[in-house]
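Produce the entire structure from the sequences given, and follow the hints as far as they go.
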Amino acid sequence: MYNRQKLGEILIEMGKLDPGGLDRGLSVQLEKGGRIGEVLVQLGLISEEDVTRALARQLDYPCEMSIDADEIDLSLLERMQLGWARDHGVLPYDKRNGYVLVATDDPLEVEVLDEVRLLSGTEIMPVVVPTTKLQSAINSAFDRKSRQLGGGLDELDEEENPHAEEATLDINDLLDASDDDEAPVIRFVNSLFVQAVRERASDIHIEAGEKEITVRFRIDGVLKEVANPPKRFHSSIITRIKIMAGLNIAEKRLPQAGRIRIKMAGKDIDIRVATAPAVHGERITMRLLDKSAVLLNLRDIGMAEDHLELMLDLIFNPHGIILVTGPTGSGKTTTLYSSLSEINSPDKNILTIEDPVEYQLDGISQMQVSQKIGLDFARGLRSYLRHDPDVIMVGEIRDVETAEMAIQASLTGHLVFSTLHTNDAAGAFTRLTDMGVEPFLVSSTVICSMAQRLVRTLCSDCRQAYRPSEEELAEIGLTLQDVDHQAGGMIFKPGEVPNCETCLGLGYKGRMGIYEILSIGDTIRSLIMNRADTSEIKKAADRQGMRNLRQDGALKVLMGSTSIEEVLRVTQEDVVA
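Each residue of the sequence shown is one higher than the one before, counting from 937 in my numbering.
For the record, the hints were derived by calculation from the structure and aren't laboratory data. One thing to keep in mind: the hints can contain errors.
Okay, derived cross-link-like pairs now, DSS-like style, lysine-lysine, Cα gap no bigger than 25 Å in a straight line [what the hints assert, rightly or not]:
hint, residue 1, residue 2
1, K1203, K1188
2, K1069, K952
3, K1147, K1160
4, K1199, K1188
5, K1308, K1188
6, K942, K968
7, K1069, K1031
8, K1081, K1188
9, K1160, K952
10, K1147, K1203
These numbers come from a predicted model, not from an experiment.
This is the structure in structure tokens:
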């Protein structure tokens, strides 16, 4: 029996790793366990593709960097269930020269491959594929196998199945049942989640009309209609989701809220479910939160260099209040988390009060408010002040009691982060005084107010360069000279490529922030003291050089990150003076 060359040695020979990096990886593996390839990827020392090539070389197997799910022979999946394939990381996908090609991210799992050999009834050839690409192909292939979103609903008629509304469904069948034993409604809901995760949807809306159901996804902040199942399946679909969320299926007159937790493609997805009665039947809204999502830092959320320098200066203040304002869904919480992760260190005691806790941060104590037991922001903040904090984040200032507690915390030497629902940065001060907070307290504690919005970023693969008209540029305060000097004479708009694999034909993929940062100086402080209205404060900030939301959006257009129409869409109320 010969000794195989070790994976770390192969990676070094390939020039993908240095001996110091390997030693670091081996130390972490010794401490935390796991396979060395996974450890090195987690440390950011190599990529999944590097591990794939090294494994293939070590074991003398072929490798592929991706699998085209549309080309997979679905007959090979007839005796296999999605849950098993996903958990074991295997996917039979083609037949060649008497062998079944089986994609795997771990060809050393001999027992799993033997099981695939038995299921397929023929010899197999393992093909090493990166984990992320493999899981994506598995989900896509089984999604096709389940006949896509809405497939099979016509097979079930409530009149023929009088027990459709009974609570006989088990959450364990989520994504695991085969086509043979999987009810069409279960298959529909399963494929709904698969497609939502694949398309990066943040919300799923299911609402009943007079004759049909409308299913919509919110992708990058914009709703997209994805299906219109027949109305007769409304009750069965609602019942299925209620059971999964632990809700009362008999209660249809009152709103309910619950939660579903699923694991898909190696990701932990937390789904917040809310139901509400409506004229044509209950509607359901589901918010999808990826628990494994990487927390962004301030450098990743779209801040221009001058804004980034200003924020890095502000968040290291020893005391004061930093407010982030904007409507729901404008990225305020992400900005707060990014700021906290920037200043998080062992010598700081950072505490947060949130509703709900969306990300879990290492080294930070996080409290979730609960109205059922009377734990609101004010009470949580009052409690935390006894725990010797350096920094406190309050999810939202909703009332005068919370505002006064935040101000008290600031006056006693703490740095406080919080949010307000106002349209612009200047509006934060009048909102606080309207709540009943004394102007002198606002002016002496708030050190910064920042408004923000999220704009969709153009797809890097299909965006189109063009030369805009003067009229088009004037809407966001730019001129052709600006375009010539700062963008080489051309800007970009969404591409019209329906089959673009990167953005799924939307023209946009992902979002970034546009910002309006108002740092408090003597002039602004004086206006706050004198109860000046929002417009006066904003004019003074403009004179001091503050860049408003639309102007910051115009800067992102010149950078090629977004389009004019997208900036106009999210800054309708922020017309340049």
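Item to complete: For the pair we were handed, K1069 and K1031, check the Cα-Cα distance against 25 Å.
Response: holds (20 Å)
Discussion item. Would the hint linking K942 and K968 be met if the CA-CA limit is 25 Å?
Written reply: holds (20 Å)
Item to complete: Assess, step by step, whether the Cα of K1203 is no farther than 25 Å from the Cα of K1188, and give holds or violated.
Response: Status violated; Cα separation ~32 Å.
Worksheet item: Within 25 Å, alpha carbon to alpha carbon, are K1069 and K952?
Response: Holds. K1069 to K952 sits at ~20 Å (cutoff 25 Å).
Worksheet item: Does the alpha-carbon distance linking K1147 and K1203 stay inside the 25 Å limit?
Response: Not OK: K1147 and K1203 at ~36 Å, beyond 25 Å, violated.
Practice prompt. Please work out if K1160 and K952 have their alpha carbons no farther apart than 25 Å.
Written response: violated (42 Å)
Fill in: Given hint K1160 paired with K1147 - CA-CA distance at most 25 Å
Holds. K1147 to K1160 sits at ~20 Å (cutoff 25 Å).
Worksheet item: Is the straight-line distance between the alpha-carbon of K1308 and that of K1188 25 Å or less?
Response: holds (22 Å)
Worksheet entry | K1081 paired with K1188 [C-alpha distance capped at 25 Å] | violated (34 Å)
Worksheet entry | Satisfaction of hint between K1188 and K1199, Cα-Cα up to 25 Å | Violated - the C-alpha atoms of K1188 and K1199 are around 29 Å apart, more than 25 Å.
This entry does not satisfy hints 1, 4, 8, 9 and 10, going by the numbered hints stated previously.
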